[in-house]
Structures are given as structure tokens and as C-alpha cells.
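Student: One letter stands for each residue in the lines below.
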Amino acid sequence: MAATLAELARRVHGRVRGDPGLVIEGVASLESAGPRDIAYVSDPKYLAQLATTAAGAVILTETDAERFRGNALIVENPHLGFARIAAGLHPESAPAPGIHPTAAVDGAARIAASASIGPQAVVEGGAAIGAGVQVGPGCYIARGAAIGDGTRLVARVVVLRDCVIGRNCLLHPGAIVGSDGFGYAKDGETWIKVPQLGRVVVGDDVEIGANTTIDRGALNDTVIGDGVKLDNQIQIAHNVRIGAHTAIAACVGIAGSSVIGRRCTIGGQAGLVGHIELVDDVHVTAGSLVTSSITRPGAYSSSLKAVPAEEWRRTAARLHRLEELARRVKRLEEKFAPSSEEHNT
Amino acid sequence: MAATLAELARRVHGRVRGDPGLVIEGVASLESAGPRDIAYVSDPKYLAQLATTAAGAVILTETDAERFRGNALIVENPHLGFARIAAGLHPESAPAPGIHPTAAVDGAARIAASASIGPQAVVEGGAAIGAGVQVGPGCYIARGAAIGDGTRLVARVVVLRDCVIGRNCLLHPGAIVGSDGFGYAKDGETWIKVPQLGRVVVGDDVEIGANTTIDRGALNDTVIGDGVKLDNQIQIAHNVRIGAHTAIAACVGIAGSSVIGRRCTIGGQAGLVGHIELVDDVHVTAGSLVTSSITRPGAYSSSLKAVPAEEWRRTAARLHRLEELARRVKRLEEKFAPSSEEHNT
Amino acid sequence: MAATLAELARRVHGRVRGDPGLVIEGVASLESAGPRDIAYVSDPKYLAQLATTAAGAVILTETDAERFRGNALIVENPHLGFARIAAGLHPESAPAPGIHPTAAVDGAARIAASASIGPQAVVEGGAAIGAGVQVGPGCYIARGAAIGDGTRLVARVVVLRDCVIGRNCLLHPGAIVGSDGFGYAKDGETWIKVPQLGRVVVGDDVEIGANTTIDRGALNDTVIGDGVKLDNQIQIAHNVRIGAHTAIAACVGIAGSSVIGRRCTIGGQAGLVGHIELVDDVHVTAGSLVTSSITRPGAYSSSLKAVPAEEWRRTAARLHRLEELARRVKRLEEKFAPSSEEHNT
Numbered sequence: 000m001a002a003t004l005a006e007l008a009r010r011v012h013g014r015v016r017g018d019p020g021l022v023i024e025g026v027a028s029l030e031s032a033g034p035r036d037i038a039y040v041s042d043p044k045y046l047a048q049l050a051t052t053a054a055g056a057v058i059l060t061e062t063d064a065e066r067f068r069g070n071a072l073i074v075e076n077p078h079l080g081f082a083r084i085a086a087g088l089h090p091e092s093a094p095a096p097g098i099h100p101t102a103a104v105d106g107a108a109r110i111a112a113s114a115s116i117g118p119q120a121v122v123e124g125g126a127a128i129g130a131g132v133q134v135g136p137g138c139y140i141a142r143g144a145a146i147g148d149g150t151r152l153v154a155r156v157v158v159l160r161d162c163v164i165g166r167n168c169l170l171h172p173g174a175i176v177g178s179d180g181f182g183y184a185k186d187g188e189t190w191i192k193v194p195q196l197g198r199v200v201v202g203d204d205v206e207i208g209a210n211t212t213i214d215r216g217a218l219n220d221t222v223i224g225d226g227v228k229l230d231n232q233i234q235i236a237h238n239v240r241i242g243a244h245t246a247i248a249a250c251v252g253i254a255g256s257s258v259i260g261r262r263c264t265i266g267g268q269a270g271l272v273g274h275i276e277l278v279d280d281v282h283v284t285a286g287s288l289v290t291s292s293i294t295r296p297g298a299y300s301s302s303l304k305a306v307p308a309e310e311w312r313r314t315a316a317r318l319h320r321l322e323e324l325a326r327r328v329k330r331l332e333e334k335f336a337p338s339s340e341e342h343n344t
Numbered sequence: 000m001a002a003t004l005a006e007l008a009r010r011v012h013g014r015v016r017g018d019p020g021l022v023i024e025g026v027a028s029l030e031s032a033g034p035r036d037i038a039y040v041s042d043p044k045y046l047a048q049l050a051t052t053a054a055g056a057v058i059l060t061e062t063d064a065e066r067f068r069g070n071a072l073i074v075e076n077p078h079l080g081f082a083r084i085a086a087g088l089h090p091e092s093a094p095a096p097g098i099h100p101t102a103a104v105d106g107a108a109r110i111a112a113s114a115s116i117g118p119q120a121v122v123e124g125g126a127a128i129g130a131g132v133q134v135g136p137g138c139y140i141a142r143g144a145a146i147g148d149g150t151r152l153v154a155r156v157v158v159l160r161d162c163v164i165g166r167n168c169l170l171h172p173g174a175i176v177g178s179d180g181f182g183y184a185k186d187g188e189t190w191i192k193v194p195q196l197g198r199v200v201v202g203d204d205v206e207i208g209a210n211t212t213i214d215r216g217a218l219n220d221t222v223i224g225d226g227v228k229l230d231n232q233i234q235i236a237h238n239v240r241i242g243a244h245t246a247i248a249a250c251v252g253i254a255g256s257s258v259i260g261r262r263c264t265i266g267g268q269a270g271l272v273g274h275i276e277l278v279d280d281v282h283v284t285a286g287s288l289v290t291s292s293i294t295r296p297g298a299y300s301s302s303l304k305a306v307p308a309e310e311w312r313r314t315a316a317r318l319h320r321l322e323e324l325a326r327r328v329k330r331l332e333e334k335f336a337p338s339s340e341e342h343n344t
Numbered sequence: 000m001a002a003t004l005a006e007l008a009r010r011v012h013g014r015v016r017g018d019p020g021l022v023i024e025g026v027a028s029l030e031s032a033g034p035r036d037i038a039y040v041s042d043p044k045y046l047a048q049l050a051t052t053a054a055g056a057v058i059l060t061e062t063d064a065e066r067f068r069g070n071a072l073i074v075e076n077p078h079l080g081f082a083r084i085a086a087g088l089h090p091e092s093a094p095a096p097g098i099h100p101t102a103a104v105d106g107a108a109r110i111a112a113s114a115s116i117g118p119q120a121v122v123e124g125g126a127a128i129g130a131g132v133q134v135g136p137g138c139y140i141a142r143g144a145a146i147g148d149g150t151r152l153v154a155r156v157v158v159l160r161d162c163v164i165g166r167n168c169l170l171h172p173g174a175i176v177g178s179d180g181f182g183y184a185k186d187g188e189t190w191i192k193v194p195q196l197g198r199v200v201v202g203d204d205v206e207i208g209a210n211t212t213i214d215r216g217a218l219n220d221t222v223i224g225d226g227v228k229l230d231n232q233i234q235i236a237h238n239v240r241i242g243a244h245t246a247i248a249a250c251v252g253i254a255g256s257s258v259i260g261r262r263c264t265i266g267g268q269a270g271l272v273g274h275i276e277l278v279d280d281v282h283v284t285a286g287s288l289v290t291s292s293i294t295r296p297g298a299y300s301s302s303l304k305a306v307p308a309e310e311w312r313r314t315a316a317r318l319h320r321l322e323e324l325a326r327r328v329k330r331l332e333e334k335f336a337p338s339s340e341e342h343n344t
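Chains as they are written, first to last, in numbering that gives the first Met the number 0: chain Z, 0 to 344; chain R, 0 to 344; chain F, 0 to 344.
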């Protein structure tokens, strides 16, 4: 899918400085790019590599372009320009429409003529597969589930009964949508299962990572907003609601009935307890645990950085005796600084 | 599966206040319920919704029923009553017995006539599938494995060689039972695999969540007791033993050879190191790390709650210098409070 | 695969004390071993069991052998000797070469005659499957992927387009190699996907645990070195590089572009943020979060151990007010110990 530099510039509303007729065949990093490749710089720490890159052209801001003598494609946001140009130069090859002979598709499933159902896939009766949808090898679409136009299920994706996936979504291998929520009532020492009767409803342009699991609602639905991006191995419990354009990194766990606003970001391995609410534009750092609602936008954190183990052993031991240290400080204050009484804690 | 209110009351040993002949078709939340639905209240914070609900009937305690003018089904434990009524009104539709033509079932597998083997499933020789078992689409039951009567494997569940699943269990998509434990011997800088020769033995009435993994024992077995409930994405290492009726929330990791008692609860993302023992009735809060045996029932915790990141940055920096702060307090004590010598730490 | 004690001794360069002609049929733990089994002791805490074991023979060090009156196989490293003997006595049964009739194998895939492709597996065109490879039930090998000689994919393993797996690797069920990295450029509030064009390249003798996910590189490759051992449910993001013989326990998350040295060990549930580097021989304890590069070998930690919840509640509350405690100490110092001014923090 080669293109001239001028053509690429048009695609990203950019400007060429240099040879507009140069044919570009692919994208590459500054280090590995050759004369038919286009690279980009958005992080200043890579600017030094401009001196030595063999790239045919580089996507740069106006300012950074001054530091480069080769062909430049000048845009406001080089990372964004790169994303669009890379997608154009390296399109995913789509399988031909149709149902693979090894797929097990129920006669009562509604499947668009332009959809492709891959080998070993299973589609049950009452499922609806939209136009241009790719159901990859080994996927399982249960009865009553609906997959919106243009969505791609890479492979071995499971979408359980009655769940709804929007348009132009991308679900990676091992993703599971609509597993039962973890709900029980106690009867003596025994846990009695509470049937999980809600659905999962996923908006448009959502990406769901490999081995990520999203539980169906207990009575109402679990809802994933438009444009939400979920990395690998995330767990989303029943009745959670995630606002549009929120991005969540790998290994995050979100407990039941919590509500996350729009445009939030949650760092890797962070956790949210259940039944809390985060407003729009909240950013949780990696490894933090959110234990109560957050009512103001901003960054939140509770993680600790690793230090040499011997040092940490002493610090942690001190921490576990912090109550005692505080009492000792209070005793000193009482003895020698009666005016500090206000710190009577 | 509609039923009259009187019928529902009999099922849960409850009492009707209002119209016993009212036909109920389904369960719903107070908010969304209509005149043919039954809802419930167990958390006092939802009592206010009783004034506005359109539910045909509500499951309530004797006391709470006084605050509701509509049809009430009065029980001791409304959550438990709801669980049972929901299961009766909304039964899972079971597939017809038999082996789907796309399943690959070895002739030497023993499969009960009342069992169903779904599309694309694989059952190897020597596997035993009990009465009424549902092996869902794409499941893999390896040689020598046994699945007890009435158990349901939803889809893409893997049960590896010789592992045993009890009766009336429910295994969700992506669950893996019997993967190799992580065991190696060192030979210079090289890790030499220690063959993992034990099994996983799962009791009756166990639920195993989506993408949860349970490793087989190294020499002896990994054992999951009766009535244990495991949420999604839990990792259970080789030789772990979990006592009956213990419930474990999502994303928990349990390292090798640890033993957990009966009726314990482990919060989401908590971790247990290997070779420790927890007595019965231990409760570990979400995100905590258990690093040594727990010999007394009760709640245990070590997690920290997220606060504004700037505030946390300062607190964490202080924490990492806690050793120094303690020394400063000691110096003050030595100078001004010689009687505090007992705090010589 | 029974063998005499003399034969076993030859395999591990050990020495028999006792009956060299004793026939051993299997390995077992000291507790459960019978007269045809061989057990081992490497941890001193099990030495006491030597008095009561019914094992036909025990693998021991020279020193420990003095505490045992039965047949001994004396080696320098009993754990290592046991690993090798167990592998010999209990070989994995390999399926016969050939392609199962239910597998969907593209005619343009190159498959060694000695390889076996299991039921319901999918192999796309341009994939290359080496000699003796076992592609288990339900695996998916995408176009252009290559699996090295002697490697075993247990079941439901996914290897995506163009990824490379080395020789003699072992991939457990649910492992996913080559899912897209989590890369986006921002356009207003919308995330625009950055195509993930690199591969995953896995060396020889690598083990990848159940439901572990390894993302493909964005432009360059994600690289897993020779002899690396990855436990279950690990997440490795795009462009990560892991040095040879590093072992990583379950539930670890490693963010994008981080580089880990050789012979490192990472404890369970630990996390590494992105774009950092760990030198060789770094050991991170379970549950710790590495937030910056580590330039010296050694052990690193930041995890906290669970204590009774009520005690922890007080300690954590104190921690969140540590800034205030530090100010109080400073005030005391200023008032009563002007010579302590150097602690002006």
C-alpha cells in the first residue's frame, strides 16, 4: 500500500518539506528505517537520532523539523500522524466473506453476507453478526448475542448469550464477554448462586485485550462506553459502567457495580473496589487501589516503589510500628511542648 | 417459568402478604421491575425505592415489609430468597443430550447418555463424563479426566489429564484445570523442569471463574473443597489446598503448597505466598499480601487506599525515609526524655 | 519406564548406596512412596521423614545419606537429580505424528512430517511447524508464524501472525503470543490505534504458562530469551525484552518497552512500569512494583504483609498522616534541639 509523501501529507493534513514525490512503502523506527520508510519523533529524547537515521522521511512538528535535514512531513501531532499513516500503509488483511466449512453455525443465526466466520468458530441460533464482521478462528458467539458492523474478533473470543458488541470494535484472543458475575447469597456456610440475568453492552470503537473478562450484570447490564480501550487481562465485574474514551491498562480489576467516568485512565494492576463512583477525567496510577468514590478530576495513587529489599525490610517493619512512633512523638510533645496540644491524635 | 406468589413463597419457606394468586414471570431490580416482576430489598439503602417501585411484589424481611404497601413475600433472608426464586423463574436452558457432530470425541471416552458435548469440543480417550454434564462449545477434556454428574462447562474450558471435577460444578469460559505447576531445579544458570505428576481434584458444587487457572500438583494433588467459589482470573499454584465453602474474588494469586481453611474469603487482587497455612474463617481484604501463616480467624489487611497523587508522592517519600524519622525521634527522646529508654529501637 | 537404581544413578552422575539392582517404577513424595518408588530430600525440614518413609530409595546428598538406612542415590543436588529422574520415569506420552481430521490446516502451511496437529486446531497458510512439534487441541497458529523443532503447545494456545517460537518450548493452555500492544495516539478525547507491526520472538527452551499473554512489538519485536520460564497469567507488553534464564512467577505485569536482564527472578503479582531497565541478576519480591530502572544486582521489594485488619486500619491512617507526624517531629527539634537543623526536611 505504498504512497507518495504528498499523498501521506494529505491524509494527515500535514505539509511536506522536501520531495513530495518520494514513494514510502512502510513505517519504521528511526533506528531501523530505510530510504522507503517513514519514521516519526514525538518524544524529544529521540531527536538526537535524526542525525543518523536512514529514513526516507520523518514525521515531525514544525519546530523539530528544523533539526532535520531530510524529507519531513510536518504535522501538529506526529504520534497521531504516525498512527494514521501506519494504518494506511499496513492495512490488516481481511479474510474473504463467508463461513469456513469447519465452523459450526446454527441455521437460526443471522449473518451478514459480508461477514466472515473463521475455522472452528461456533455461532448459535439467534446470534446476529453484522456487515463486514470478522469472527476469527475458534470464536464462540452464543445465542442472542449481537456483533455490530465492522467489528473484528481476532480468535477464540467468547461472547455469551444476549450480549451486545458495538460497531468497529476489536476483541483480542481469549477475551470473554458475558461470563457470570460473582454473586451469592449465604445459607449457613453454603453459598447459593444468584442467577446473573443482565447482559454486557459494549459501545462502538471499543478495544478489548487478550484474556480480558467482562462479567454480565446481575439484573441490569454491565456497560462499556464508546471508544473505551481495555488492555489485556483486565477483570470487569458485574454491573460496572465505564464512560466513553476511558483507557485501562493491563491487569486492572474492577469490582462489582462501580461506575467510572469518561476520559479516565487507569494504570496497570490498579484495583477498584465495588460500589464506588469515579467522575470524569480521573487518572489512577499503576498498582493503586481505589477504595472509595472519587469526586474530583485528577491523579490518584497509593502504590509504593521497590527499593533494595534489606532497606525495605527495615522500612516496612517501622511502618508496622508507626502507631508506636506516633505515641512516642505525642509523649515528647506533652512533656516538652504543651502548646502542641492541638495535635492530640 | 411463571409462578404465583403463593408458589414462590412455598419454595423459600416464606409468607405472602397481599395477593397470593398474583402471577410472577421474572425477577428485576426495584427500579426496573414491572407488575409481573418480583424484586427484593436486603440493603437498607434501597428501602426508599419501595415508595416508587412498580414491582408486582417485593421480597422483604418482616420489619422492612412494614415500609411497603404492595404485595410482599416475607422471609428471613431476602437475598437468599431472591437467589432461589430467580433460579426457579429463570432456569438456564440446557442443550439436548448427545454429541455435536463437530465435536471430536475419542471412542474410548465414557460419556453418559444424558450428557451433552457441544460443538468443537474435544474429549480424549479414558475421559469420563457424568450424567447430565454439559460440555460446552470448544471445551477440551483430556485423557483420564473425570467430570461429575450435573456439572456444566460453559465453553472453552480445559480440564487436563487425570484431573477430577465433582458434581454440580460450574466452570466458566477460559478456565484451565490441571496446567503444570511452576517447578524447576537449578543447574548452573539453567532451569530444569520438575515434571508435574499430581492432579487437580475439585469437589462438588464448586464454581470456577472465567480464565481462572488451577495448576496440577507436583507429586500430590491440588485440592479444591466442596462449595468453593472462585471468581475470574484467579491463579492457584500446585499443591494448594482450599477448604470447603471458601470464596475467592477475582485476580487473586495463591502460590504453591499453601493451605486455606474452610469458610475463608479472599478479596480481589489479594495474594498469598507459598507454603503457608490459613485456618478456617480467615478473611483477607482486597489487594492485601499474606506472607506468613494465619493461625487465628478474623480479618487481615495490608492494602493502601489511593489519595490525590501529589499528596501520596509526599507521603510515600516520607515512608521511604521512615527509618530516619524514627532515629530523629529517638535522638529527641535520648536528649530530653531519658525515661523513655525502653523505646530503644 | 522402570529402571534399576544403578541405571538411574548413571543418568544423574550419582552413586548408589544399597541395592543397585532394585527396580524403580516411579517417583513419589517421602510420605506416599512405596517400595518401587524413589523420593528425594533437599529441604532439611523433611529429613525427619526419612525414619518412616516406605520409599524403595531416596535421592540424597552425601551428608544427608548418613541419616538414612535404606537405599540411597547420592548426588550433589537432590532436587536436580529428582527432576531428571522423574522426567525419565514419567515421560509425557506424545501423540502420533499427523494431522487430526478435525484440524483446519491451510494447504500453504509447512508442517514437518514428524509433527502432530491435534483436533480442532487451526494452522494458517505460511505458518511453519517444525519437526516433532505437538500442536495440541484447539491451538491456532496464524499465517507466517513459526514453531521450532520439539516444541509442545499443550492446548488452545494462540500464536499470532509472524511470531516465532524457538525449539523445545512448552506453551500451556490459553497462552497467547502476539496479541496487539496497547498503543494509541490521542485525537481530542478519542484514542486512535497505533498499528502494532512488530512480532514476538521467543527463544529456545522457554516455558509459557496458562493464560499468559505476550504482546507483539509496535515497530520492533518483543523478545523472550532462551531458557526463560513464565508462569501463568503473566502479561508482557509490547517491546519488552527478557534476558535468558529469567524466571517470572504468576500474575506479574510488565509494561511496554521495559528490558529485563539475564537470570532475574520476579515474584508473583509484581509489576514493572514501562521504559525501564533491570540489569542481570535482579530479584524482585512478590507483590512489589518496580517504578524505575535497577542498575545493581540484588533483591528489591516494596510489598507489605497483611496483619489483623483493625491494626492495619490504624497503621494505614497514620501512614496517610505521616507528613503531619514529620512536621511535628521537626517542630520539636526546632524548639528543643537546634543542633538537629540538618534534618530540615
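These aren't lab readings, by the way, just hints derived from the structure by calculation. Keep in mind that the hints are not guaranteed to be accurate.
[Claimed, not checked] Calculated pairs, BS3-like style, for lysine-lysine (alpha carbon to alpha carbon, straight line, at most 25 Å):
#1 Lys329/R with Lys334/Z
#2 Lys44/Z with Lys192/F
#3 Lys44/R with Lys192/Z
Student: Hints broken by the structure, by number, lowest first?
Tutor: No hint contradicted; all consistent.
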